[in-house]
Amino acid sequence: MSKATDVMTPDDAAHGHDEHHDHHIPKGITRWLFTTNHKDIGTLYLWFAFIMFLVGGAMAMVIRAELFQPGLQIVDPNFFNQMTTVHGLIMVFGAVMPAFTGLANWLVPMMIGAPDMALPRMNNWSFWILPFAFLILLSSLFVEGGGPAFGWTFYAPLSTTYSGDSTALFVFSVHIMGISSIMGAINVIVTIFNMRAPGMTWMKMPLFVWTWLITAFLLIAVMPVLAGAVTMVLTDKFFGTSFFDAAGGGDPVMFQHIFWFFGHPEVYIMILPAFGIISHIVPTFARKRLFGYASMVYATASIALLSFIVWAHHMFTTGMPLFAEMFFMFATMLISVPTGVKVFNWVATMWRGSLSFEVPMLFAIAFIVLFTIGGLSGLMLAITPVDFQYHDTYFVVAHFHYVLVTGAIFSIMAAVYYWLPKWTGKMFDVTLAKWHFWCSLISVNLLFFPMHFVGLAGMPRRIPDYSLQFADFNQWISIGGFAFGLSQFIFLALLIKACKKEGEPVSDQVWEGAEGLEWEIPSPAPYHTFETPPVVK
Amino acid sequence: MTQKNNQNRNMVLKLVVIVIGMFGFGFALVPLYDVFCDITGINGKTRNSAAAYEAVEIDESREITVEFITRTNTGMPWEFRAETKRVKVHPGELNTVSFYVRNPASGNIVAQAIPSVSPGLAALYLNKTECFCFNQQPLSAGQEAYMPMQFYVDPQLPEDIHYFTVQYTLYDVTARADDLDTQANPFMTQQPESGK
Numbered sequence: 001m002s003k004a005t006d007v008m009t010p011d012d013a014a015h016g017h018d019e020h021h022d023h024h025i026p027k028g029i030t031r032w033l034f035t036t037n038h039k040d041i042g043t044l045y046l047w048f049a050f051i052m053f054l055v056g057g058a059m060a061m062v063i064r065a066e067l068f069q070p071g072l073q074i075v076d077p078n079f080f081n082q083m084t085t086v087h088g089l090i091m092v093f094g095a096v097m098p099a100f101t102g103l104a105n106w107l108v109p110m111m112i113g114a115p116d117m118a119l120p121r122m123n124n125w126s127f128w129i130l131p132f133a134f135l136i137l138l139s140s141l142f143v144e145g146g147g148p149a150f151g152w153t154f155y156a157p158l159s160t161t162y163s164g165d166s167t168a169l170f171v172f173s174v175h176i177m178g179i180s181s182i183m184g185a186i187n188v189i190v191t192i193f194n195m196r197a198p199g200m201t202w203m204k205m206p207l208f209v210w211t212w213l214i215t216a217f218l219l220i221a222v223m224p225v226l227a228g229a230v231t232m233v234l235t236d237k238f239f240g241t242s243f244f245d246a247a248g249g250g251d252p253v254m255f256q257h258i259f260w261f262f263g264h265p266e267v268y269i270m271i272l273p274a275f276g277i278i279s280h281i282v283p284t285f286a287r288k289r290l291f292g293y294a295s296m297v298y299a300t301a302s303i304a305l306l307s308f309i310v311w312a313h314h315m316f317t318t319g320m321p322l323f324a325e326m327f328f329m330f331a332t333m334l335i336s337v338p339t340g341v342k343v344f345n346w347v348a349t350m351w352r353g354s355l356s357f358e359v360p361m362l363f364a365i366a367f368i369v370l371f372t373i374g375g376l377s378g379l380m381l382a383i384t385p386v387d388f389q390y391h392d393t394y395f396v397v398a399h400f401h402y403v404l405v406t407g408a409i410f411s412i413m414a415a416v417y418y419w420l421p422k423w424t425g426k427m428f429d430v431t432l433a434k435w436h437f438w439c440s441l442i443s444v445n446l447l448f449f450p451m452h453f454v455g456l457a458g459m460p461r462r463i464p465d466y467s468l469q470f471a472d473f474n475q476w477i478s479i480g481g482f483a484f485g486l487s488q489f490i491f492l493a494l495l496i497k498a499c500k501k502e503g504e505p506v507s508d509q510v511w512e513g514a515e516g517l518e519w520e521i522p523s524p525a526p527y528h529t530f531e532t533p534p535v536v537k
Numbered sequence: 001m002t003q004k005n006n007q008n009r010n011m012v013l014k015l016v017v018i019v020i021g022m023f024g025f026g027f028a029l030v031p032l033y034d035v036f037c038d039i040t041g042i043n044g045k046t047r048n049s050a051a052a053y054e055a056v057e058i059d060e061s062r063e064i065t066v067e068f069i070t071r072t073n074t075g076m077p078w079e080f081r082a083e084t085k086r087v088k089v090h091p092g093e094l095n096t097v098s099f100y101v102r103n104p105a106s107g108n109i110v111a112q113a114i115p116s117v118s119p120g121l122a123a124l125y126l127n128k129t130e131c132f133c134f135n136q137q138p139l140s141a142g143q144e145a146y147m148p149m150q151f152y153v154d155p156q157l158p159e160d161i162h163y164f165t166v167q168y169t170l171y172d173v174t175a176r177a178d179d180l181d182t183q184a185n186p187f188m189t190q191q192p193e194s195g196k
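Protein sequence lines correspond, in order, to chains A and D.
Note that UniProt numbering has the first sequence beginning at 1, numbered continuously upward.
Note that UniProt numbering has the second sequence beginning at 1, numbered continuously upward.
Take these hints with a grain of salt, some might be off.
[Claimed, not checked] Calculated lysine-lysine pairs in the DSBU-like style (CA-CA distance at most 30 angstroms, straight line):
id	chain 1	residue 1	chain 2	residue 2
1	D	LYS88	A	LYS204
2	A	LYS204	A	LYS426
3	D	LYS45	A	LYS204
4	A	LYS537	D	LYS4
5	A	LYS426	A	LYS500
[What the hints assert, rightly or not] Residues on chain A that point at chain D, a partial pick, calculated with CB under 10 angstroms:
id	residue
6	MET195
7	PRO198
8	PRO224
9	SER242
10	PHE262
11	GLY263
12	PHE323
13	GLY516
14	TRP519
[What the hints assert, rightly or not] Covered by chain A, according to a simulated footprint, are these stretches of chain D (three or more residues, beta-carbon under 8 angstroms):
id	region
15	13-19
16	42-52
17	57-65
18	116-130
19	158-165
No wet-lab data here; the hints were simulated from the structure.
From a predicted model like this one, the values you see are computed outputs, not experimental measurements.
We put the beta carbon where it would ideally sit given N, CA and C, even for glycine.
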């Protein structure tokens, strides 16, 4: 493995860079269009992700409004299906993944002592194709026959035989999203391999860098498989191939195998960087070193490797033979071992620490508790015989929203609160932040916890209507949903204030217990950092 | 600087190769899936060609119940039913069952039947010496036919399987049919009117 021991000059990172060696920051829209600065691109990614979070959230509000009462009242079923589909696609590919890429852009160079990402020009491209992908996806909602209505998993034959012409738009937008995240992943890998500061050995790398490195490898391994799957859907639908059509010798179950071969590593793509973030925040506010750094690294790598051999646990009810169901059940349960190691390490880090509960720590602790709830319901779903009951019910919806909303999204919010003062140089509005945290925490549990109950009682997911006995729970769930949605406007207000640079100036270290290269540079972080690499001891 | 750039470029090239390789792997999964299922028989697909029946020893000590169910794919107007719903057979014994089809539509339709066996593992032991599912079946408007299927159960069938179900699904493949003349259907009976 290459060790970045050679000293770099500013020119190294600035290759292909507009020549701004006088630290002059360009102004206006062209700054953002043509920027190759990792901090600018990180900001673009994060704002884009936040806007998509609100758009996808608005769709969730439509879903919850329809489900507020039994019966059909607000939207017709086809539009309801489009909402569940596009909500899922936007939240996965438009909110969570770009937010993590944005954090990687901001933080990875600062954490490893690099002046910028290794491939700044490509970095610009990988962001700027993303808005077009989502414009295409959103515009598909307005074509005749409506947008994609087959669920974000686009199972064949729903997406091949029974879908509208807008499927082509869906396929192209997924292609563009895939290209964007592959380019982002390549950039992260090359940066981490080639641009670490002297002395930054592999086992000294901050955990956010480690988890992102592993995530990036997952991305380049599975995003191309997703691209293949959507391409097969496209040719099956429009060009007469029969990959998934039994009449032509294909097999619709094969679609699920190919999709979940991508899909399961994908869910770890959305959670591994979160593990990294929490592993930064907990030690800071416990004022102790992270317990078990090396085991964290190995656990992350184990989770990533195991993610490739568990895909069929999404398919227990497809009629697999018993030995396959047993294999995928035990392989899935095995993942809870490295995940349990992580949760144990976070708790052990807090144990007898000098804890304080600043806003990032509040989100981090909520993450640990609520992600664990989501992990445990995942363990329940892994048990093959009971999965036959839980499959395609709201129990599954509760499970993956606990790991993705109170898992991935809470970790992103925690990260924003943790590093925002470093980015802006000013402390954010703590009162607003606490309101945001407590409103989100209460409403998110009201939103997702009762879903476990209605799911166990048999309420199917993706259906715009339900039988009467689920009415009370669904009203509570919808109220929780609206409250959670509204709570995010507190976050929006806080972010706007922060971008206007309101608030008290912060020190370079910002948080008393914070450690790492990014806390050694001035606050706010200058436009160019580490033009002369630091030496890590 | 150039050394750094070269290092980056080499790394990018390697990663792009991985990306292209994984894109190819996605498509390679298609034949891999077929081969894997062919060998293990776990997806319940039976073989697509006729098996030879040659001096198979009949195991009188075992009796296997084979059930036949039929369905037509959405949009496929044919009537399709198994004349024999259920048959008890000894492994190794040659049996013939018959399926009735009728095309009630006003146009010619070509059908393809796709078998699926449940439990899937039994598929490997269902040997068909003759089946309408090996070929596409054309029927002109109003025609009906009885289509035979001849099979024997391999005596190697695992001990714990006493009962399995064979399902045929009829698909309308007129749009992509091989250039078949409806008159060429070997199972076709007379037009209902003229056949009286």
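Interface hint outcome for A:MET195 [beta carbon to chain D under 10 angstroms]: holds (8 angstroms)
Interface restraint verdict for A:SER242 against chain D (beta-carbon cut-off 10 angstroms): holds (8 angstroms)
Holds or violated: A:LYS426 to A:LYS500, with C-alpha atoms at most 30 angstroms apart: Given pair A:LYS426, A:LYS500 holds - Cα atoms ~10 angstroms apart, limit 30 angstroms.
Proposed interface contact between A:PHE323 and chain D, which counts if any beta carbon pair is under 10 angstroms: Cβ of A:PHE323 sits 9 angstroms from chain D, so the hint holds.
Per-residue hint verdict: A:GLY516, partner chain D, C-beta under 10 angstroms: Violated - the Cβ of A:GLY516 stays beyond 10 angstroms from chain D, reaching only about 24 angstroms at its closest.
30 angstroms Cα cutoff - pair A:LYS537, D:LYS4: holds (23 angstroms)
Outcome, coverage hint (the region 57-65 of chain D, chain A; C-beta under 8 angstroms; three residues): violated (count 0)
Given coverage of the region 13-19 of chain D by chain A, checked by CB-CB distance under 8 angstroms (3 or more): Satisfied; 4 residues make the cut.
A:PRO198 as an interface hint toward chain D, with CB separation required under 10 angstroms: violated (14 angstroms)
Chain D contact restraint for A:PHE262 - C-beta distance below 10 angstroms: For A:PHE262, the interface hint holds, since the closest Cβ of chain D sits about 8 angstroms away, which is under 10 angstroms.
Coverage claim, chain A over the region 158-165 of chain D, checked by counting residues with Cβ within 8 angstroms (three needed): violated (count 0)
Satisfaction of the A:PRO224 interface hint, Cβ to chain D closer than 10 angstroms: This interface hint holds because 4 angstroms falls under the 10 angstroms limit.
Consistency note: the structure conflicts with the earlier hints numbered 1, 3, 7, 11, 13, 14, 17, 19.
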